[in-house]
Amino acid sequence: MRKNLTFFLLIPILFSACTSHEYTTPNSIEGYSPVYSQDVLTLKTIKAELPRTTVNGGKIYTVGNLLFQVELDSGIHIINYANPSSPQKLGFVKSFLCKEITVKNGFIYTNNLSDLVVIDINNSADIREVGRTPDVFPDLASQYPPKNSINQFERVYFECPDPKKGAVIAWKKQTINNPKCWR
Amino acid sequence: MKTLYHLIAIAALSAIISCTKESTSADGGSAGAGGSTARFTIAGNYLYVVDNLSLKAFDISSNTAAVYKSKTEIGINIETIFPYQDKLFIGSSSTMYIYSLSDPSRPTQLGKAEYTIRMACDPVVARDSVAYATLRSTGRCGGSQSALVVYNIKNISSPQLMRSLFMVETYGLGIKNNSLYVCEGPGGIRVFNITNTYDPIPVSNIRINNTTFYDVIPYGNILIAQVNDGFILYDIGTNPMQPAFLSRILN
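Protein chains in written order, with our numbering: chain A, 342 to 524; chain B, 53 to 303.
Misleading hints may appear alongside valid ones.
Partner residues aside, some chain B positions facing chain A, computed with beta carbon under 8 Å [claimed, not checked]:
1. Ile-128
2. Asp-267
3. Ile-274
Bear in mind the hints are in silico, worked out from the structure with no lab data behind them. As the structure is a computational prediction, the values presented were derived from the model and not from experiment. Beta carbons: idealized from backbone N, C-alpha and C, even for Gly.
Okay, chain B solo, but in the shape it has when bound:
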């Protein structure tokens, strides 16, 4: 543990210098990145937490304590929260919600899109004028199908469904440049070419026996995959469409 302090210092420095962050950009100075299935996230000096029904905002500017600021009732079965620019994308079992952080202590709803597929888990990621969400059928969330759905969010108050791609079993997802990585549980990671933003084209699939893929963080040139017994790192600097295995933690 003794090198930890130095590593954090190096980490902070490299974050400032390189600004490599791809998928989250609203978390202030830390330049870190979380997965798409998180239930809380940091944006600026605030920590946002979703529970089953609501969104809570906490001021963390003091570093030592999270000071409760507000609670906003959102809907039911809220699952995930993902920050992008000055917005929060919140996934529930039936709806994608978009909240504005123009007053960071009290987020306000900008828009929402109800899924046509009911009762599914749904992490969301977003970039510019597009939002990608996955819906899943199996497991504790019920429902009947899994899909990757694509929304045009140019008009943020009324996201427009552009595509639904049916898949076997979807979990978390992440974006780097023109690549979209979607976890398929035991089915591995499906890589989509999103050069045409609203029309993802499947280009490759990573799959490992007895390994369940739950979420990904594309971070600079590395794709970090959360799997059942730990994590796997892939190089996506060389060819983001074809992640190359680097390592897997074994103990």
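In isolation and in its complexed conformation, chain A is listed as follows:
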């Protein structure tokens, strides 16, 4: 997350020209504020669930007839494509803030918040976390609010998350005052 230092550098220009709406930090604007969760135990729970619909398809990994696809920020779809004309979802492994995936010898390596976790999927009746290394992905844990999908260059303002309040689990669109963060 970038603090809007540019703003301070631009103050003289703003006073002289008053042209650049784009570079001002607004007093009050439609932006995003973080929704926090203190329930870190739930956020750090890795578990197998029933297949679910893919909404935001993320990164992919394949081995043999299995395809693993990240569901952005939620977990991993496990798909059997032995018949590539009709792939079948086998299940879903929940991992909050999941973005990355690789697999070896029946073990999934992924991120859960900023931690690297190892998930044993060799026994489908007992899919579970078997290892965790904290803070391997510091930059994956700081969630950002979504960009405008039509205009990627449009600046999105948001309240800077405060780690003391918990983990950011979502963003709420609302009017915010003097936002210090943008992307």
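Assemble the complex: chain A is given as a structure, and chain B must be docked to it using the hints.
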């Protein structure tokens, strides 16, 4: 889920028997393959992770825990990591780095090539003496243009830029035999003939309305495409230059 164990067993067996893997070859016994936009990868008994600034190595030989081994500062805006043979190809917003895994616990830099185009995302794939990277202008990475760039890596310590092909919006990419697949976001997949390794020739384009293509894995006879709402499978066994639609996951 109950058939999962058997499927994994079958998968492992078929991987050993067929050795179909095309684009990654450094991940030990699993014979799996990831996309080109990954931020971590397995090579042998090690897991390599890139964050914004550095490359970290973890020993995963115990299967149950990743044991931290080393951290190497690389540069800024590191985006992607791709294993090939005993090397790692690492893409940043301005540079392609090549690291040796001769000591897998502590990768060392072999060479690098700075892009002339600044501030772009850049997945890299490599084979033999060539590396292909895409640079992208739009989205969070800034910059002003998208391109497919081709490097001669015969002299690994100083990759030589052979071609820059300007494109609309590039994402991940993958190689099978003489075909190079480059994702163009809403523009679909562009297929290049790379019979002449350093001179990719565009031969076909797959495009589907309202579908954004982010990355591909050519895996045996199947091309797996990561799209915004899931994935699409194509047959590339019949004619790798003309991927044929097989299926799209719908739920």
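Here's how the hints hold up against the structure:
no. : hint    : verdict
1   : Ile-128 : violated (12 Å)
2   : Asp-267 : holds (7 Å)
3   : Ile-274 : holds (6 Å)
Hint compliance for this structure: hint 1 alone is broken.
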